[in-house]
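Novice: Please put together the full structure from these sequences, using the hints given.
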Amino acid sequence: MTGAPVIEASGLEMQYGGRRVLQLDALAVPAGRTLAILGPNGAGKSTLLRLLALLEPPRAGSLAVLGERVDGKERQALRLRRRVATVFQSPLLTSGTVFDNVARGLRFRGVERAVVWERVQLWLRRFGIVHLAQQGAGTLSGGEAQRVSLARAFAVEPEILFLDEPFASLDQHGREALALELGQVLRESRIAAVLVTHDRSEALMLGDEVGILMEGRLRQHGPVRDVLAHPADAEVARFLGVENLLPAKAIRLNGDMVELEVAGSRFDVPRAPGLDGEIWLCVRAEDVHLAAAGSAGEAGRLTFTARVERIVPFGVPYRVHLDAGVPVVALAAERTLRRLDMREGSGLVASFDPARAHAVPRTLPAGRAEG
Amino acid sequence: MDLLLQGLAHAFALIFQGDAQVMEIMWLSLRCSGLATVLAVLVGTPIGLSLGMSRFVGRRLLLGVMNAGMGLPPVAVGLVVSLFLWRSGPLGFLELMYTPTAIVIAQVIIATPVVVGLTTAAIQQLDPRLHLQLLGLGASRRQAALALIWEAKYGMIAAVMAAFGAVISEVGASMMVGGNLLHQTRVLTTATVLEAGKGNFDIALALSVILIGLTFVVAMALTLLQQRGQRR
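Residue numbers (this note's numbering), protein chains in the order written: chain A, 1 to 371; chain B, 1 to 232.
Check the hints yourself; a few may be wrong.
[What the hints assert, rightly or not] Calculated from the model, a selection of chain B residues having no Cβ within reach of chain A, i.e. all distances over 12 Å:
hint: 1; residue: Phe-12
hint: 2; residue: Ala-158
hint: 3; residue: Gly-197
[Stated by the list, open to error] Between beta-carbon pairs, the in silico distance windows are:
hint: 4; chain 1: A; residue 1: Ala-60; chain 2: B; residue 2: Ser-54; range: 13 to 23 Å
hint: 5; chain 1: A; residue 1: Ser-10; chain 2: B; residue 2: Ser-54; range: 24 to 34 Å
hint: 6; chain 1: A; residue 1: Gly-96; chain 2: B; residue 2: Leu-42; range: 16 to 26 Å
hint: 7; chain 1: B; residue 1: Val-43; chain 2: A; residue 2: Gly-96; range: 25 to 35 Å
hint: 8; chain 1: A; residue 1: Pro-40; chain 2: B; residue 2: Ser-54; range: 26 to 36 Å
hint: 9; chain 1: B; residue 1: Arg-60; chain 2: A; residue 2: Glu-334; range: 51 to 61 Å
hint: 10; chain 1: A; residue 1: Arg-75; chain 2: B; residue 2: Val-43; range: 18 to 28 Å
[Claimed, not checked] Going by beta-carbon spacing under 10 Å, a handful of chain A positions derived as facing chain B:
hint: 11; residue: Thr-86
hint: 12; residue: Gln-89
hint: 13; residue: Pro-91
hint: 14; residue: Ser-95
hint: 15; residue: Arg-104
hint: 16; residue: Phe-108
hint: 17; residue: Val-156
hint: 18; residue: Phe-162
Keep in mind the hints are simulated off the structure, nothing from the lab.
From the three backbone atoms N, C-alpha and C, an ideal C-beta is built for every residue, glycine too.
Specialist: Put into structure tokens, the structure is as follows:
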């Protein structure tokens, strides 16, 4: 159960040097849930976060935070800022000890000494850094410093937590460990959070909902898994890591089936939402199955003969670039490479299950150029 | 050489015997330059803070003016202040000419650009996002400003040292607006010029030794404070 949204924004706009960096029609952050704002670098994510966290006034639009319509006056902004907390990409610790840093927000609020001590101890323990309490903030490792930054934000017991790429300064291992821990704290404390990130896995790990922000506009918003499985358009799909966007056209309806033309071949596939007119079929590389040249296609799968163009040892598994009339990318384990005797220029059969594909219209949203 | 040694010997004698006139001159110098430094810090720090932190129209121009002001010739400042405080000047009715207050006014004008310039530089050394982080932790604008000054404290100490050094050692402005009146506006620098002019090199040397000593003690104390903090 979720209550009224803790943030409601509409028509938010921001410009820097005459360039519009954000134009947001509507956005609501539900109480007790984490909204991940996912977008590429330069999409306006940090700008959006600064507006929502009342660190900067918007150029236009209306914003309500914790049930109060924001009037742009510093007095109200300060009062509301004291009910929320913000964590930035780098820990931005101040001089003094770890204890001083975690106590910082409480001291700004004039909280009593005994309460400060208690609260700081609680959050130092919660983030596993109680042994660092008397250490100078300048002597910490990156991971420790970011834990201090998180403890400092939680210590003020915010009603909304704003997180601006909070793991970006950490290595892969530290990032995963801290993201898992933060996820647990967020679930337990049930405070609302807004996380901006360019990392899909962080959004997936921490977000209940995700908003896709591209070029200053919110392109899609919904539960994380829905958005990842059903991107709204080709650009969102590409950003979400869908490597194959196959041009397709629904030719005609045939009972429960649709006759589909994909890369010059025709297939009958079950009717599904979005299979209408000119579309892109979004197929993830991991859903493309590879078989030896000449092998028969499995019933119900969309099967193409293809030629290997390039095999890229991009981590494990390999990434195989194919020419199937249209460019297709598939993933293959080393043993598949050996079994199919795959090398550049060799032929094979690629197929995918249409049920695993997702159709988006070929025309981009209004105002977007096809590219 | 003999003269120098004699002078030095006399200087130390005057200092250690606590010569009343020398002590009076020293205390007046300390009071005027100390007060001018404090006032310059009070005026210059907020200006330096906003120049270092915010972006506004005319910021670069103002910063340029302040940086140029760090090299203001004291004698020119003294002349302008004199013109204002002179009996017939716009502020003549205040009757401040040839008073310690006039010296303080001139020295504040000399020291303020130094404080502004060095405070701006110190604030610009900080991560520009620190201000947002402090606000994001619930700081009021004032709390955030104080916290930023605290974070830039070592640079601020340098600003105080430079400002005090500039005013304790200037002679032109103090001479112009103070007039070097005995028991009233005679400070270490103006007294040194006077005594040297009269041929009393031993007294002039004594005064110079005190001047250098004062500057050294203040700078050393501030340096120790600065370095002790940075080692932490």
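Novice: Indicate, hint by hint, whether the structure satisfies it.
Specialist: Results for each hint:
no.: 1; hint: Phe-12; verdict: 42 Å, holds
no.: 2; hint: Ala-158; verdict: 16 Å, holds
no.: 3; hint: Gly-197; verdict: 50 Å, holds
no.: 4; hint: A:Ala-60 with B:Ser-54: 13 to 23 Å; verdict: 22 Å, holds
no.: 5; hint: A:Ser-10 with B:Ser-54: 24 to 34 Å; verdict: 29 Å, holds
no.: 6; hint: A:Gly-96 with B:Leu-42: 16 to 26 Å; verdict: 25 Å, holds
no.: 7; hint: B:Val-43 with A:Gly-96: 25 to 35 Å; verdict: 28 Å, holds
no.: 8; hint: A:Pro-40 with B:Ser-54: 26 to 36 Å; verdict: 29 Å, holds
no.: 9; hint: B:Arg-60 with A:Glu-334: 51 to 61 Å; verdict: 60 Å, holds
no.: 10; hint: A:Arg-75 with B:Val-43: 18 to 28 Å; verdict: 27 Å, holds
no.: 11; hint: Thr-86; verdict: 3 Å, holds
no.: 12; hint: Gln-89; verdict: 8 Å, holds
no.: 13; hint: Pro-91; verdict: 9 Å, holds
no.: 14; hint: Ser-95; verdict: 6 Å, holds
no.: 15; hint: Arg-104; verdict: 6 Å, holds
no.: 16; hint: Phe-108; verdict: 5 Å, holds
no.: 17; hint: Val-156; verdict: 6 Å, holds
no.: 18; hint: Phe-162; verdict: 7 Å, holds
When held up to the earlier numbered hints, the structure conflicts with none and fits them all.
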